[in-house]
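Trainee: Between the sequences and the hints, there should be enough to build the whole structure, so can you do that?
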Amino acid sequence: GENVEQHPSTLSVQEGDSAVIKCTYSDSASNYFPWYKQELGKGPQLIIDIRSNVGEKKDQRIAVTLNKTAKHFSLHITETQPEDSAVYFCAASDTDKLIFGTGTRLQVFP
Amino acid sequence: SAVISQKPSRDICQRGTSLTIQCQVDSQVTMMFWYRQQPGQSLTLIATANQGSEATYESGFVIDKFPISRPNLTFSTLTVSNMSPEDSSIYLCSVEALEAFFGQGTRLTVV
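Protein chains in written order, with my numbering: chain U, 1 to 110; chain V, 1001 to 1111.
None of these hints come from the bench; they were simulated from the model.
Virtual Cβ for every residue (Gly too), placed ideally from N, Cα, C.
Errors might be hidden in some of the hints.
As the list claims (entries may be wrong) - Pairs of lysine to any residue, SDA-like flavour, derived with a Cα cap of 25 Å:
1) U:Lys22 <-> U:Lys42
2) U:Lys42 <-> V:Met1083
3) U:Lys97 <-> V:Phe1075
4) U:Lys97 <-> U:Ala63
5) U:Lys97 <-> U:Val87
6) U:Lys97 <-> V:Gln1038
7) U:Lys97 <-> V:Pro1067
8) U:Lys37 <-> U:Val20
9) U:Lys42 <-> V:Ser1081
10) U:Lys71 <-> U:Gly55
11) U:Lys37 <-> U:Glu83
12) U:Lys57 <-> V:Ala1002
13) V:Lys1065 <-> V:Gly1040
14) U:Lys22 <-> U:Ser74
15) U:Lys22 <-> V:Pro1039
16) U:Lys22 <-> V:Thr1044
17) U:Lys37 <-> U:Lys97
18) U:Lys57 <-> V:Ser1001
19) U:Lys22 <-> U:Arg105
20) U:Lys37 <-> V:Met1031
21) U:Lys97 <-> V:Asp1087
22) U:Lys68 <-> U:Asn53
As the list claims (entries may be wrong) - Listed next, the stretches of chain U that the computed footprint assigns to chain V, with coverage defined by at least 3 CB atoms under 8 Å from CB atoms of chain V:
23) 39 to 46
24) 98 to 109
What the hints assert, rightly or not - So these bits of chain V aren't anywhere near chain U, every CB distance computed over 10 Å:
25) Ser1053
26) Phe1066
27) Asn1082
28) Met1083
Mentor: Have a look at this one:
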């Protein structure tokens, strides 16, 4: 079955800097790769996703890149703000079942 | 996007009892999923709730412990049966249309 690894587990950046979180997956059949932001006491919020027919997708300060050959995908947050502080999860799916990474706790210091 | 409502948002339960969690979606969806998130951990799929048939459970999860209902295309329930402190987790409902969305979760504490 699918296995998703996520790095780093924690990430601290200064406000205004960029943050990058990386995930690798094992099942080459996976074709849907969402990213979620989870704030304390809340459910995961979908922030961006990418499907295997594209290599990059951007939405304002957030971008996701996908390398199908290497089976890895990354989340890029530019111009970070304190409100970006949260736990971020990547996931991969080849059918309708999402397999999640282990999460990255991002702290943005003012 | 789909709007997902979960009830209750949190509960504290005695060991040995059962709790039923409800998930309501504002549109008809084919696939509904139940996840568990243990404290400080990632999300683990419990089962896929199928309308009109039995749920499909993942390895490590059984129907007797986590019975699921899916009476229609907008609603599902997950019951956590005969609870023990190890069942203390956040339980999350998810749907996938073009994108996968989650409810706010049910924070369960078993004492």
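Trainee: Now, for every hint given, state plainly whether the structure supports it.
Mentor: Hints, one by one, checked against the model:
1. Taken as a hint, the lysine 22 (chain U) and lysine 42 (chain U) pair is honoured in the structure, with Cα atoms around 23 Å apart against an allowance of 25 Å.
2. Distance check on the hinted pair: lysine 42 (chain U) and methionine 1083 (chain V) sit about 23 Å apart at the alpha-carbon level, within 25 Å; holds.
3. Taking the CA atoms of lysine 97 (chain U) and phenylalanine 1075 (chain V), the gap is near 19 Å; set against the 25 Å cutoff, the hint holds.
4. Proximity of lysine 97 (chain U) to alanine 63 (chain U) is assessed by CA-CA distance (about 23 Å); at most 25 Å being required, the pair is judged to hold.
5. Restraint check for lysine 97 (chain U) and valine 87 (chain U): the C-alpha separation of about 21 Å stays at or below 25 Å, so the hint holds.
6. For the hint linking lysine 97 (chain U) to glutamine 1038 (chain V), the alpha-carbon distance of about 19 Å falls within 25 Å, and the restraint holds.
7. A hinted pair counts as satisfied when its Cα atoms are at most 25 Å apart, and lysine 97 (chain U) with proline 1067 (chain V) qualifies at roughly 19 Å.
8. At most 25 Å may separate the alpha-carbon atoms for a hinted pair to count; lysine 37 (chain U) and valine 20 (chain U) meet this at roughly 14 Å.
9. Proximity of lysine 42 (chain U) to serine 1081 (chain V) is assessed by CA-CA distance (about 24 Å); at most 25 Å being required, the pair is judged to hold.
10. A distance of roughly 12 Å separates the Cα atoms of lysine 71 (chain U) and glycine 55 (chain U); the hinted pair therefore holds under the 25 Å criterion.
11. About 11 Å separates the Cα atoms of lysine 37 (chain U) and glutamate 83 (chain U), which keeps this hinted pair within 25 Å; it holds.
12. A threshold of 25 Å between alpha carbons decides the hint, and for lysine 57 (chain U) with alanine 1002 (chain V) the separation of about 21 Å falls inside it, so the pair holds.
13. The straight-line distance between the Cα atoms of lysine 1065 (chain V) and glycine 1040 (chain V) is roughly 23 Å, inside the 25 Å bound, and the hint therefore holds.
14. With a C-alpha separation of about 4 Å, the suggested pair lysine 22 (chain U) and serine 74 (chain U) falls inside the 25 Å cut-off, and the hint holds.
15. In summary, the hint linking lysine 22 (chain U) to proline 1039 (chain V) is supported, as the alpha carbons are separated by about 23 Å, within the 25 Å threshold.
16. For a cut-off of 25 Å, the pair hint linking lysine 22 (chain U) to threonine 1044 (chain V) stands: about 20 Å separates their Cα positions.
17. At roughly 19 Å between alpha-carbon atoms, lysine 37 (chain U) and lysine 97 (chain U) fall within 25 Å of each other, so this suggested pair holds.
18. For the proposed pair lysine 57 (chain U) and serine 1001 (chain V), the alpha carbon gap of about 18 Å is at most 25 Å, so the pair holds.
19. With a CA separation close to 13 Å, the supplied pair lysine 22 (chain U) and arginine 105 (chain U) stays within the 25 Å bound.
20. A distance of roughly 22 Å separates the Cα atoms of lysine 37 (chain U) and methionine 1031 (chain V); the hinted pair therefore holds under the 25 Å criterion.
21. For the hint linking lysine 97 (chain U) to aspartate 1087 (chain V), the alpha-carbon distance of about 22 Å falls within 25 Å, and the restraint holds.
22. Between the alpha carbons of lysine 68 (chain U) and asparagine 53 (chain U) the distance comes to roughly 9 Å, so the proposed pair stays at or under 25 Å and holds.
23. Evaluation of the coverage hint for the region 39 to 46 of chain U: fulfilled, as 6 residues show C-beta separations to chain V shorter than 8 Å, against a requirement of three.
24. Only when three residues or more bring their CB closer than 8 Å to a CB of chain V does the claim for the region 98 to 109 of chain U stand; here the count is 6, and the claim holds.
25. The beta carbon of serine 1053 (chain V) sits about 15 Å from the closest Cβ of chain U, which is more than 10 Å, so the claim that it is off the interface holds.
26. A cut-off of 10 Å between C-beta atoms confirms that phenylalanine 1066 (chain V) is not in contact with chain U; the least separation is 16 Å.
27. Every beta carbon of chain U lies more than 10 Å from that of asparagine 1082 (chain V), the smallest distance being close to 26 Å; the non-interface claim holds.
28. Every beta carbon of chain U lies more than 10 Å from that of methionine 1083 (chain V), the smallest distance being close to 21 Å; the non-interface claim holds.
In the structure shown, no violation is registered for any of the earlier numbered hints.
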